[in-house]
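Chemist: Line by line, the protein sequences give chains A and B.
Here the numbering used here is used: the first residue of the first sequence is 1, the next is one more, and so on.
Here the numbering used here is used: the first residue of the second sequence is 1001, the next is one more, and so on.
Be aware that a few hints might be false.
Stated by the list, open to error - Below, simulated SDA-like cross-link-like pairs (lysine to any residue); rule was C-alpha separation at most 25 Å, straight line:
| no. | chain 1 | residue 1 | chain 2 | residue 2 |
| --- | --- | --- | --- | --- |
| 1 | A | Lys-321 | B | Thr-1276 |
| 2 | A | Lys-243 | A | Thr-228 |
| 3 | A | Lys-324 | B | Gly-1055 |
| 4 | A | Lys-324 | B | Ser-1021 |
| 5 | A | Lys-324 | B | His-1019 |
| 6 | A | Lys-170 | A | Thr-111 |
| 7 | A | Lys-321 | B | His-1029 |
| 8 | A | Lys-321 | B | Val-1263 |
Stated by the list, open to error - Non-contacting residues of chain B with respect to chain A, defined by C-beta distances greater than 12 Å in every case (computed):
| no. | residue |
| --- | --- |
| 9 | Ala-1143 |
| 10 | Ala-1267 |
| 11 | Thr-1276 |
| 12 | Lys-1321 |
Hints in this document: simulated from the structure, not taken from any laboratory.
Just so we're clear, the structure is a prediction, and the values are computed from it rather than from any experiment.
Glycine included, every Cβ here is placed at the ideal spot set by N, Cα and C.
2 protein chains.
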Amino acid sequence: MTNTNVLGVGNAIVDVLTHASEEFIADQHAKYGMEKGGMMLIETDRATQLYGQIGQATEMSGGSAANTIAIIAGLGGSASFIGKVADDQLGDVFAHDLQSTAVQFTTPRLTGGVPTARCFILVTPDAQRTMNTYLGAAAQLNADDIDEAVVADAQVSYLEGYLFDKDAAKQAFRRVGEIAHKHGNEVALSLSDSFCVERHRADFQDLVENHIDILFANEQEIMALYETDTFEQAQDIISGKCKLAALTRGDKGSVIISEGETVSVSAVIPAQLEDTTGAGDAYAGGFLYGYTNGYSLKQSAELGTVLATEIISHMGPRTDKDLKFFTEGLKKAS
Amino acid sequence: MTNTNVLGVGNAIVDVLTHASEEFIADQHAKYGMEKGGMMLIETDRATQLYGQIGQATEMSGGSAANTIAIIAGLGGSASFIGKVADDQLGDVFAHDLQSTAVQFTTPRLTGGVPTARCFILVTPDAQRTMNTYLGAAAQLNADDIDEAVVADAQVSYLEGYLFDKDAAKQAFRRVGEIAHKHGNEVALSLSDSFCVERHRADFQDLVENHIDILFANEQEIMALYETDTFEQAQDIISGKCKLAALTRGDKGSVIISEGETVSVSAVIPAQLEDTTGAGDAYAGGFLYGYTNGYSLKQSAELGTVLATEIISHMGPRTDKDLKFFTEGLKKAS
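So that you can see chain A by itself, here it is in the shape it has in the complex (with noise of 0.2 Å):
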């Protein structure tokens, strides 16, 4: 019997957004190998340098799977996460935001380690996001900061295909994994990246194949995880790999696949596209919403589009409006 919706395990970040150029992107390609659109891992130094080449910026609490729960919890979902801060002011900025929406956040801080990490968001005029992340203490996530009681308490434990880049936290993502089914819960991966996906292909092979009963990608990741030349050609490779598989796809909107079952749903296209920064995070929040709470296939897609929508309406991959809103008037399938 588990009374939370859903528990996220994630990197805990919070985000520095500021517009770039285009011509800014290309020269940071071109010397520190910067990909439009990916996500980087950067150390201390280069964070630094980077910190001091960029414009003013808006702080804001980030990270994949923390996006995600915090859109859970607004909607009104009973949600928790599991990630590392240090015990310094961005690692209360980050505590503040998820434990303001009620998310049960409770994992032990780094004390006189390195800083919370950082993700710096550069956002180009075609409201398209290029990451560099600065891990911190969120890279000091380990196997013993899964709490058991967290896990088995959760509908769906979902992790970020990001904790895949460090071993440790490599670890506590099979530690997740286990208790969950060990409990009859189930587990769901976020691919999280293409390049994540390049970094690696045959764990998250196995993953989806054999740990995992919900994945959410994108149509750049899933093609790269079968290097596919096609959205179709992925998409038919997916199916039967998992029980579910929820593949969006931008503007093109997005494809739920569950076990032979296809559900299509068209996307909602913004009054104003302002930045990217969120939007599969969002997307995945609203679906795992209505899975877990009894809506359909469908319901939920349609529920993922409209936040995702709602998020790339303004800066950043949060937001502080009332979700409630959204899913007033739903009414379950049966």
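Following the hints, position chain B against chain A.
Modeler: Okay, now just chain B, sitting in the frame of chain A:
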């Protein structure tokens, strides 16, 4: 001979912005005396309590005079700032945001004491902002922090009235005025807030009459300063009391009074009114950029107006947009 257009002296603050309901403000008013639209000083315990009561937030550099200076630098003006942050992460944020726009900011940081100041800004559905400031390190600014060379180099030294809330900062304020006038430069004052005016009316009346060249005030502040029933009465009194007064009236525009000459400029209503935080600061920034670059009073007031409109079109008192757009095509009067 000065090389800097404007030096700002004020509280160095990071803003914590969130939306709040009218009911929340009314409840906080009843319990803690929070005045809608005003700025209230709070201490450590109350700051912790209030942070625990508000929703997910966004952090952004703030501080009234610092916001004005960031606008001037963003427009391409030469600008400097004196204010106190601590040697902590929020201090890094504040310093980065000023330095990223090429503002000269070299005030020594406070070490081993209280943390960097933060202001909890609650934005109600009518776009009005209500501020609660924990001054922390900002209140430790004192006369020793005033670098004579920095003041001597600035055509205008711009001071915020909020500095009068703490005695050490008030001394710093007076020191800036003395140095500026000794070097033949001008001193500007923003009255900051009608509640701040109530707290320091006699001091401010003396400053305006005897020590200030340029006064910035909104309708409520100038009426509070002279305890008048109408704006027109206050306008009559201020004429002749200082060289130049720039009086803002929200959607009724602004009035510049200078040695008998009166210039009125209409407001520019934004397509979307989001948050009035920083409107007056942005107006002062646009005006002072124009004034110190040889534009007419009317051109300067118009520049202040469009920058205020830009700032109230989104959450927070700053912008990372390229502001030089606003001065393109602007031709000097003579």
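Chemist: Run every hint past the structure and note whether it holds.
Modeler: Hint by hint, here is what the structure shows:
no.: 1; hint: A:Lys-321 with B:Thr-1276; in the structure: holds (18 Å)
no.: 2; hint: A:Lys-243 with A:Thr-228; in the structure: holds (21 Å)
no.: 3; hint: A:Lys-324 with B:Gly-1055; in the structure: holds (14 Å)
no.: 4; hint: A:Lys-324 with B:Ser-1021; in the structure: holds (15 Å)
no.: 5; hint: A:Lys-324 with B:His-1019; in the structure: holds (15 Å)
no.: 6; hint: A:Lys-170 with A:Thr-111; in the structure: holds (21 Å)
no.: 7; hint: A:Lys-321 with B:His-1029; in the structure: holds (22 Å)
no.: 8; hint: A:Lys-321 with B:Val-1263; in the structure: violated (41 Å)
no.: 9; hint: Ala-1143; in the structure: holds (29 Å)
no.: 10; hint: Ala-1267; in the structure: holds (23 Å)
no.: 11; hint: Thr-1276; in the structure: holds (17 Å)
no.: 12; hint: Lys-1321; in the structure: violated (7 Å)
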